[in-house]
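Chemist: As a plain string of letters, each chain reads:
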Amino acid sequence: MTTLAPAKAVPTAGPPRTEPPRSRGRARRTLIAWAFCAPFIVLFGTFGVEPVFSSLSMSVTDITARDIRTPFSVDFVGLAHYTALFQDPTFLRAAVNTLYFVVVGIPLTMIIALTIAVALNSGIRRAKGLFRVGYFAPVVTSVVAVAVVWRYLYEPDGMINSVLAVAGIHGPDWLNDPNWAMPALILMAVWRHFGIPMVIFLAGLQSIPADLLEAARVDGATRWQAFRSITLPLLRPTTLVVAVLLSIGYLQFFEEPFVMTSGGPLGSTTSISYYAYEQFGFGNYGMASAASYVLVAAIALLSLLQFRIFRAKA
Amino acid sequence: MRPARVLLYGALALGLLATLAPFAWMLLGSVKPTGEIVANPSVWLPRSPTIGNFEQLLSKQNFALYFVNSTVVAVTCVLGNLLFSSMAGYAFAKLEFAGKKLLFGLVLTMLIIPGVTTFVPLFVLVSNMGLSNSYLGLILPFLVAPLGVFLMRQFIRDIPDSLLEAARLDGAGDARIFLRVIVPLCRPPLATLAILTFLGQWNNFLWPLVIAQTEDHYTLPVALALFSVGANGTNYGLLLAGAVTVVTPIVLLFLALQRQFIQGIANTGLK
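Chains as they are written, first to last, in UniProt numbering: chain A, 1 to 314; chain B, 1 to 271.
Chain A with its partners taken away, still in its complex shape (with noise of 0.2 Å):
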């Protein structure tokens, strides 16, 4: 019945209708539109791009915190504070605890993650809400709130050394331990972040058909078989995905060592974004700008080559 009618609102569906008005109606457009984007520009400017800059340029002078309300007085310094960076013991010690905490915390994640969603996946029906929603819960608490139990689950004494010494293990004192704190706040990170992960590889593998893992196991491939050669490469996009955001936030790698050591001990547990904010706390602003903007040539890094590889593959 309407087949007419498309045909006829052609000439009048183009936006210019006549010539004349055309640039007054786009100016009033651009007018119209900025008005509806206004206060997210203002606020944006003000609090999210401004500072971008603000701290790229603090990171080439010598800006401390004496220099807060007096701007101009403060030097331009060049990249003296990216080679001053790269020579103190301090900071390649935070490098290297970040890189230890992202080499080891994200494949971790990714395979405790990808396990549960596969499990949840493998066609149980029941109380797969509460299992969903249970191994989900972590991600929706406050760091602060679940340190108080985990300071206290790693006490010498505590609840993982007592699970330990069921199986004859006598635990370490985790979070006084140079070597042990770093695979405690490790262990913390995986169990506060692994529910995001979760989802996003079920909503991966519920778009898989299931006839094609069906139509392998009559071919008589193995479960294990059908999961390597089918599930898995089909799951290439997600894993890409989940590997970029892990990565963006695992990099950034603050709040267990803030709330749970305080970079320690012996700054076996500083990060790069820890040191960056010790910076601040000295005054340093000069530094921590500096220190921040390695971490955002890493991220950039990162996600490019996750990218690249996982193209090459596809």
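Since the hints were derived computationally from the structure, they do not count as laboratory data.
Honestly, I wouldn't trust all of these hints.
To be verified - Which chain A residues face chain B? A few, computed with CB under 8 Å, are given here:
no., residue
1, I32
2, I116
3, Q252
4, F254
Glycine included, every Cβ here is placed at the ideal spot set by N, Cα and C.
Once you have looked at the hints, place chain B on chain A.
Modeler: Same frame as chain A, now just chain B:
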């Protein structure tokens, strides 16, 4: 049930138990006297349960006020994000204007900038504006976020143009179209955005920690963080009760809106 299935359920249940154990410890500990919490060997169930810890939080500590502060900050940020992001999202999705590409590119870039990068200049800026130790100082930097605009723009883009054209032919202007056509259709992304913003603000602690300098502006996480490093640091019962106070509201909200929570965070990958 087949044995394999039993095994699967067993493993899932065991994992769930381990995941939820810290919560159980927190809840049970909050109603124990401190003596019982530090007892060795540790006991799970309280022998003489008490609400003394919570009473002390309310009477000796100002937790009722911190609770109000947290709520005010989180709710204001939610309202700001909903309104301003949907307005800007509409412009980015449906209007043509000079500077649009550049602006949106900026929004996308800001999505991956780590918080620590803007932290120092933001602190300098807010201090210079005279807003440290004020509600405005707590709220203004989080009233909009690039993620919100991105979310809204993606959703509004999929609303058919024909709907807008029909309203335009009826003589509706952009403001009317936005309020009468766009907003009513945007419930799903608005719900996602509200949840993400509330969650982020309720749990936010680093910014309020440096901005709120006197007790009357503390939010719950700030109070708990300062409390646990202070003289009360060994008063485990009180600390656990404080932790329960911080976690319970958000967990209840999560249980009530679990589908939206999980979908929202799965879709954006952020919290």
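Chemist: Are any of the numbered hints broken by this structure? If so, which, sorted upward?
Modeler: none
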